[in-house]
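Number of protein chains: 2
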Amino acid sequence: MPSISNKGLKMPESPIRKLVPYAEDAKKKGVKVFHLNIGQPDIKTPQIALDAVKNNKLEVVAYARSEGSETYRTKLAAYYAKNNISVNTNDIIVTTGGSEALLFTFGSIMDADDEVIIPEPFYANYNGFSIASGIKVIPVISKIEDNFALPPIEEFEKLITPKTKAILICNPGNPTGYLYSKEEIQKLATIVKKYDLFLIADEVYREFAYDGLEHYSVMQEKGLEQYTIMIDSVSKRYSMCGARIGCIVSKNTDVIATALKFAQARLSPPTYALIASEAALDTPQSYFDDVIDEYVDRRNTLITELEKIEGIKVAKPKGAFYCIAELPVENADHFAQWLLESFQLNNETIMVAPAAGFYATEGLGLNQVRIAYVLNKKDLIRSVQILKKALEAYNQ
Amino acid sequence: MPSISNKGLKMPESPIRKLVPYAEDAKKKGVKVFHLNIGQPDIKTPQIALDAVKNNKLEVVAYARSEGSETYRTKLAAYYAKNNISVNTNDIIVTTGGSEALLFTFGSIMDADDEVIIPEPFYANYNGFSIASGIKVIPVISKIEDNFALPPIEEFEKLITPKTKAILICNPGNPTGYLYSKEEIQKLATIVKKYDLFLIADEVYREFAYDGLEHYSVMQEKGLEQYTIMIDSVSKRYSMCGARIGCIVSKNTDVIATALKFAQARLSPPTYALIASEAALDTPQSYFDDVIDEYVDRRNTLITELEKIEGIKVAKPKGAFYCIAELPVENADHFAQWLLESFQLNNETIMVAPAAGFYATEGLGLNQVRIAYVLNKKDLIRSVQILKKALEAYNQ
Numbered sequence: 001m002p003s004i005s006n007k008g009l010k011m012p013e014s015p016i017r018k019l020v021p022y023a024e025d026a027k028k029k030g031v032k033v034f035h036l037n038i039g040q041p042d043i044k045t046p047q048i049a050l051d052a053v054k055n056n057k058l059e060v061v062a063y064a065r066s067e068g069s070e071t072y073r074t075k076l077a078a079y080y081a082k083n084n085i086s087v088n089t090n091d092i093i094v095t096t097g098g099s100e101a102l103l104f105t106f107g108s109i110m111d112a113d114d115e116v117i118i119p120e121p122f123y124a125n126y127n128g129f130s131i132a133s134g135i136k137v138i139p140v141i142s143k144i145e146d147n148f149a150l151p152p153i154e155e156f157e158k159l160i161t162p163k164t165k166a167i168l169i170c171n172p173g174n175p176t177g178y179l180y181s182k183e184e185i186q187k188l189a190t191i192v193k194k195y196d197l198f199l200i201a202d203e204v205y206r207e208f209a210y211d212g213l214e215h216y217s218v219m220q221e222k223g224l225e226q227y228t229i230m231i232d233s234v235s236k237r238y239s240m241c242g243a244r245i246g247c248i249v250s251k252n253t254d255v256i257a258t259a260l261k262f263a264q265a266r267l268s269p270p271t272y273a274l275i276a277s278e279a280a281l282d283t284p285q286s287y288f289d290d291v292i293d294e295y296v297d298r299r300n301t302l303i304t305e306l307e308k309i310e311g312i313k314v315a316k317p318k319g320a321f322y323c324i325a326e327l328p329v330e331n332a333d334h335f336a337q338w339l340l341e342s343f344q345l346n347n348e349t350i351m352v353a354p355a356a357g358f359y360a361t362e363g364l365g366l367n368q369v370r371i372a373y374v375l376n377k378k379d380l381i382r383s384v385q386i387l388k389k390a391l392e393a394y395n396q
Numbered sequence: 001m002p003s004i005s006n007k008g009l010k011m012p013e014s015p016i017r018k019l020v021p022y023a024e025d026a027k028k029k030g031v032k033v034f035h036l037n038i039g040q041p042d043i044k045t046p047q048i049a050l051d052a053v054k055n056n057k058l059e060v061v062a063y064a065r066s067e068g069s070e071t072y073r074t075k076l077a078a079y080y081a082k083n084n085i086s087v088n089t090n091d092i093i094v095t096t097g098g099s100e101a102l103l104f105t106f107g108s109i110m111d112a113d114d115e116v117i118i119p120e121p122f123y124a125n126y127n128g129f130s131i132a133s134g135i136k137v138i139p140v141i142s143k144i145e146d147n148f149a150l151p152p153i154e155e156f157e158k159l160i161t162p163k164t165k166a167i168l169i170c171n172p173g174n175p176t177g178y179l180y181s182k183e184e185i186q187k188l189a190t191i192v193k194k195y196d197l198f199l200i201a202d203e204v205y206r207e208f209a210y211d212g213l214e215h216y217s218v219m220q221e222k223g224l225e226q227y228t229i230m231i232d233s234v235s236k237r238y239s240m241c242g243a244r245i246g247c248i249v250s251k252n253t254d255v256i257a258t259a260l261k262f263a264q265a266r267l268s269p270p271t272y273a274l275i276a277s278e279a280a281l282d283t284p285q286s287y288f289d290d291v292i293d294e295y296v297d298r299r300n301t302l303i304t305e306l307e308k309i310e311g312i313k314v315a316k317p318k319g320a321f322y323c324i325a326e327l328p329v330e331n332a333d334h335f336a337q338w339l340l341e342s343f344q345l346n347n348e349t350i351m352v353a354p355a356a357g358f359y360a361t362e363g364l365g366l367n368q369v370r371i372a373y374v375l376n377k378k379d380l381i382r383s384v385q386i387l388k389k390a391l392e393a394y395n396q
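Listed in order, the protein sequences are those of chains P and X. For the first sequence, the residue numbers in my numbering are 1 to 396. For the second sequence, the residue numbers in my numbering are 1 to 396.
Please keep in mind that the hints were generated in silico from the structure rather than gathered at the bench. Please note that the accuracy of each hint is not assured.
Same chains, same label: a pair holds when it works inside one copy or across any pair of copies.
[As the list claims (entries may be wrong)] Pairs of lysine-lysine residues, derived as PhoX-like cross-links and limited to a Cα-Cα distance of at most 25 Å, are as follows: (1) K27 <-> K377; (2) K75 <-> K28; (3) K251 <-> K10; (4) K75 <-> K27; (5) K18 <-> K251; (6) K32 <-> K57; (7) K388 <-> K313; (8) K57 <-> K27; (9) K251 <-> K193; (10) K136 <-> K10.
Working from the sequences, and respecting the hints, build out all of it.
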C-alpha cells in the first residue's frame, strides 16, 4: 500500500476545528454548546451584500478573472484609500480567502526550508500553511504579561539567518487581540530593510481597533513599499467568513506578478462570493460603528467576567475579537475536550480553542485557551459562568 | 530589496490565461473575440442550482464545515453510486474546485522532489500545482497519431524511480479529449500495485463521454481501493466553473484523514457555491442528455470543419470538450498572439490556447493548439473560417 507524505504527517490538526466531532456528539446528546472556539461572528452580513447575491442575474456561473475583476479591484483600492492606504487596482490580487493569499505569498517569496519569523502565539493555521508550503516558522515569543506586545526587536534579530525571508505579523492579532502601534511597525520596518526581508502583515481585522486606537498599516509606512505584502479578507470585516474572498496587496510588482501565476493556476476565485464582496464595499459606516460598539461591549463583558474567576489570567485585547486566557489547568487541550465530552451545566457547555496549537515552541501555551467573543453579551456571560463551574468541577 | 522565490520564478504562466491581456486589447479596439481558449462552456447552469442561490435565506454567510457538510457529501455519495462508484460520505473531502483537490492530494502523498508520472499533453495547470507543491512532473508521451491513447505501459515502467509516488491521469482527457478504456485503466492498476504507487484520476469530465462509450472510473476497479484518489469538480458537469467546488474521493482512510488537515487549515469551501452544488445534484437527466447531444454536435462540426483545412491534423476526441490540433505553423504561441494582436476577419478573431504549455517535455507541442468547443455551432463554424483565413494570411 502506498504511504502518505511526511508533509502530510506533519500537518497539524487545527486547534480550532479538531474538537468539532466532540461538539457534534455533545449536540446529538441534546447539550447546547456555546462556540467560543472559532472566529465565526454571529453578526449579520451587510444586507447590501446578501441582496446582491439574491438578486444576481447569472445564467452561467462562469470563471472570474484569476486576479479578480478590474471593477472590484478598483473599488477595493478606493476602500484602502479611505483607510489611508494608497494602492492601485494592479497592486491587488483577489484570492480565495486570506488563507489562499498567504499560501500564494509564501509560494511567491519562499523556497523549501526558507524561514519566516512570527511572533507567537499566532494564528494556528500559519503552521499548516507553512508545512503545506515546505517552509519553516521561526517563532519569537510574545508574553501574556505584556498583553502580547511586539517582542524586543533584538529578539527578532537573534533569529535571522541566511534562510530568513520574511517576518509575518497579524495586526490586530489573532489570537492575541493585540494592536501594534505605529512605533512597533516602524521598528519592524527598520529591521526588514536592514536584512532585506519581506514584512507580511495579515490585516484582516483592520476595522476592529478599540479604545480610540487607530490601526496603522504596514502599507502606510513610507519607504517600505518594496518590502511589504498585506494579506486581507472580507471574512471578518463584513461577517462573511464563508464567502472565501481575500486578497494580496503589494506595491512590489515582482510579488504581484508572481502571485498572479499562482492565481492563474487555480483559475478563479469563487464567483458568487465576488458578487457579495463587491457589493459589500458599499456597506454604510453605521454598520461598522454598530459592530465595533457591540464588540467593545462584548470584550469588556468577557474580560470583566473572566477576571472574576480565581486563577485566570487574561491579556486585554485592543483589537480583533479574541483573547488568550491562562487557566488554572495543566493541559488545556484535555480540559477543552472534557468540557464537550463530560461536562454540562443545565445541559449547556462551551467549546474553546486550546492555545498550544497557536504556538510553535513546544510546551508553550499548554494552560491557555483562545476565546473568541463572537457571541452576544448574554451568551458570553453564560459561557463564563459555565467555564467557572467547569473549572471547579475539573479541579476537584 | 528582497527577492521572490525560485519556485515563483519557475511557476509557469498559464497557457490558457496568458493571452487574456491581448484579447482585452483586441476587444477595446472593437474586435469580437471567439474564445476557444478556455473550458468555460456557454451552457446554462441548471436552473435548480441558480434558484437555490437566489432563494438562499442566509443572514450570516458563515464558514462551512472544512470537509463539506454531511448532507452534501451524503448526496454526493448517492450521485457516485448512480455512476457505479461505490463510496461513503466519509470517503469525500469537499474542496475549492478540482484545483484545490489536486493541491491537497499532492500535499498528502508527496514530499519535496517526489515524482508524479503524467501522460502528456496534460492539463497545463498540473505544472503549476506541481511547482507550488515542490514536486516533479515526469511526462510520458502520448501521440496525436494514436488520438492520445494510453502510452505503452513499459514507457511508464521505464520512468519509475524511488521518488515516484503516483501516476496521474485525466479521464476523459483535457486537453486531448481521449477516454481511457477499461483495459487501459486495468493496465494502470497492475503497475501501481506492482510499484506501490497512487493512481490519481482527474475525472471532472465523467459525464462527457461520447459515441456510446461508457466512462470507467478508477474507483470501479476492484482491489485498487487503497491506491486510487479521484479528483472531481462541479465546474464542467453543471457548467458552473465559477462556483469553485470540487472534491477528493478515496477509500484510503489515511489519504482522507491527511487531506482533511489541509482542508481544515483553509477553514471552509465557499458557502454560496456549496448551496448551488448541493442543489445541482437534483438536476434532471434530461439536462445532461441535452448537453451531451449539444457537445457531440459541436465536436462533429468542429472536427469536420478543421479537417477541411489543409495542413491541419486533429485527434478525434471521445470525451470532454477539447481537441488538440496540429497547425501548419512553427510556433503556435506566436500565432495565437498574432491572432489577437494583428489579425481580424470582418472585425472578428479567435483566441486559442497554445499547446506547448500542456507538455512538460521541452519542444513538444510547439505547433499545436488546444481548441475548446464550448461555443455554439454557428460560432464554431465561424471560428474555423477565421482560423483558415488567418493561417493563409500568417503563412503568406
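Going through the hints against the structure:
no.: 1; hint: K27 <-> K377; result: within (22 Å within a copy, 55 Å between copies)
no.: 2; hint: K75 <-> K28; result: between (45 Å within a copy, 21 Å between copies)
no.: 3; hint: K251 <-> K10; result: between (34 Å within a copy, 22 Å between copies)
no.: 4; hint: K75 <-> K27; result: between (43 Å within a copy, 23 Å between copies)
no.: 5; hint: K18 <-> K251; result: between (37 Å within a copy, 22 Å between copies)
no.: 6; hint: K32 <-> K57; result: between (40 Å within a copy, 23 Å between copies)
no.: 7; hint: K388 <-> K313; result: within (13 Å within a copy, 76 Å between copies)
no.: 8; hint: K57 <-> K27; result: between (39 Å within a copy, 23 Å between copies)
no.: 9; hint: K251 <-> K193; result: within (15 Å within a copy, 50 Å between copies)
no.: 10; hint: K136 <-> K10; result: both (12 Å within a copy, 21 Å between copies)
Consistency note: the structure conflicts with none of the earlier hints.
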